[in-house]
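Dock chains B and C against the given chain A, drawing on the hints supplied.
Each chain, letter by letter, is given below.
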Amino acid sequence: MSIFKYASPSTFYPLAGKIAPWFAVVAAMLGAVGLYLGLFRAPVDFQQGEVYRIIFIHVPAAWMAMLIYLVMAAYGVMALTFNTRLSSMMMEALAPTGAMFTVLALWTGALWGKPTWGTFWAWDARMTSTLILLFLYVGYLALINAIDDKKRADKAGALLVIVGSVNVPIIYFSVKWWNTLHQGYSVATSGSSMDPSMRMPMLVMTFACWAYAIAVALWRVRAIILEREKEAAWVANLYVASPPKTSGARA
Amino acid sequence: MNSLANTTPEMLVISPENGVLLAFRRDYRLAMRSRGEIIQALVFFVIVVSLFPLAVGAESALLKRIAPGVVWVAALLSVLLTLPRIFASDYADGTLEQLAMSPYPMATIAAGKMLAHWFTTGLPLALVAPVLGVQFGLGTSELGVIVASLMLGTPVLSMIGAIGAALTLGVRGGSILMALLVLPLYIPVLIFGAGAVEASMAGIDYAANLSLLGAGLLLGALASPFAVAAAVKISLD
Amino acid sequence: MNWNEFFSMGERAFYVWGSFGAFALLIIGEVVLLRTRQKKVRQKVNT
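Protein chains in written order, with numbering that gives the first Met the number 0: chain A, 0 to 250; chain B, 0 to 236; chain C, 0 to 46.
Chain A extracted, bound-state conformation:
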């Protein structure tokens, strides 16, 4: 079972420790480049003025919010079908970051909305579904934190996210449907007609967020692995090589 070799927390722990810094470096570099391009190089939008620069973080945040939930659902499927503990740990590691990006998407959307459409919050289809997505993240986190038995929490969380991810497109469709019925706000995004000098920073920032999310998730999964396996022999061996100074004195 070579594929599952890295599905064991004890082999994944050092691996994650090795690759996480690389993603962090990539995230920092791409973030710097993206911010430079977005804040200094991209021209002023002739309709919205400077405030349009918010989309350089708003759009990546909104994409990450959705993507991370779907990745969690994929891990959920793995957790339930192959019964791999690491998949559930990855879900747990990704959820806070996903929720954070969802909050950011909502926050930046509101701050973009006020000067652009004159209101902080419009019940626009996209913003409403993002809000519901936040509820889904909160529900997952609440569920896994409420269940003391880790094994059960893992599986319950996996099932909930799978059910939720089936619902995500339905929710999006229904909210859109509701939005057209009520003729509410619809925010025109000039996605395709966007100037390359404006699209580039957005893409770079998206990749930066991507790398950041991976780095943070790997980092967090390491903490989760240690928290859960602190009794395991391999964890004890990890620190044999470099025992803390105080323990030697006490013994």
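Honestly, the hints are just simulated from the structure, not real lab data.
Be a bit skeptical, because a hint or two may be false.
As the list claims (entries may be wrong) - If you want the footprint, here are the derived chain A segments under chain C, 3+ residues with CB under 8 angstroms:
#1 8-21
#2 55-66
#3 101-114
#4 221-231
Beta carbons are placed, not taken as given, at the ideal position from N, Cα and C, and that holds for glycine.
Frame of chain A; chains B and C shown alone:
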């Protein structure tokens, strides 16, 4: 306790239909034995709906406009409050474990339980709703649409709710947590259900909304028994 | 372009910097929280 007390001899033949039938009959009879709970949920529904005129004023045009949403939100909350009934007492007295060990597939038991839950909550709600609609000044055809939308939509509420109820079995703070898990998933049903009534009030075609509810019902009927069965197994482990 | 002009963002400083600021704040906050979590669990494992 009263685990398999209502079994008839022919139900002992193991087949999926019998699993559904067994669970349905059992839960239905238990619910009928404590009819008070069913009535309480209905009274809750009526009270919540009656609060709105008091809160927003009795102006008839306004009331009529908000009626579909109010009735649907109240129905949603009433169903939510009754969800623990599906599994909680069976979980507490160990019956659920027995049912899980019975030769009937868990999915069929889950299906029977959801069906019984709908019969004792969603269906009565749909039948009471027209009275409330009249209070909000809805016309006859709109009342018909309200009943139809609730008939199609509340089974989906029972199905999604059963997943939430099963996942939170025996969890501390379970009922508020369950609401947190279930309510976001209820949103599409709310939108299409209230939307159907609103469309009929606006004189536009409401059939699309009802068909979408029907599609949701079909999808739920196909998928939810397995999801609920998985959730029950997770909680029993 | 001078820096004053840059920071005023065409009279929209509150919105633009409110967004970028929140973004930076949340990311830094997450990293800091994660660090303390990591430290805490390391200590627990070590003792």
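Hints, verified against the model:
1. 8-21: Coverage by chain C is violated here, the residue count being 0 at a Cβ distance below 8 angstroms.
2. 55-66: The restraint on the segment 55-66 of chain A holds, since 3 of its residues have a Cβ under 8 angstroms from chain C and three suffice.
3. 101-114: As far as the segment 101-114 of chain A goes, the hint holds, because 8 residues have Cβ atoms under 8 angstroms from chain C.
4. 221-231: It holds: at least three residues are needed, and the segment 221-231 of chain A offers 5 whose Cβ sits within less than 8 angstroms of chain C.
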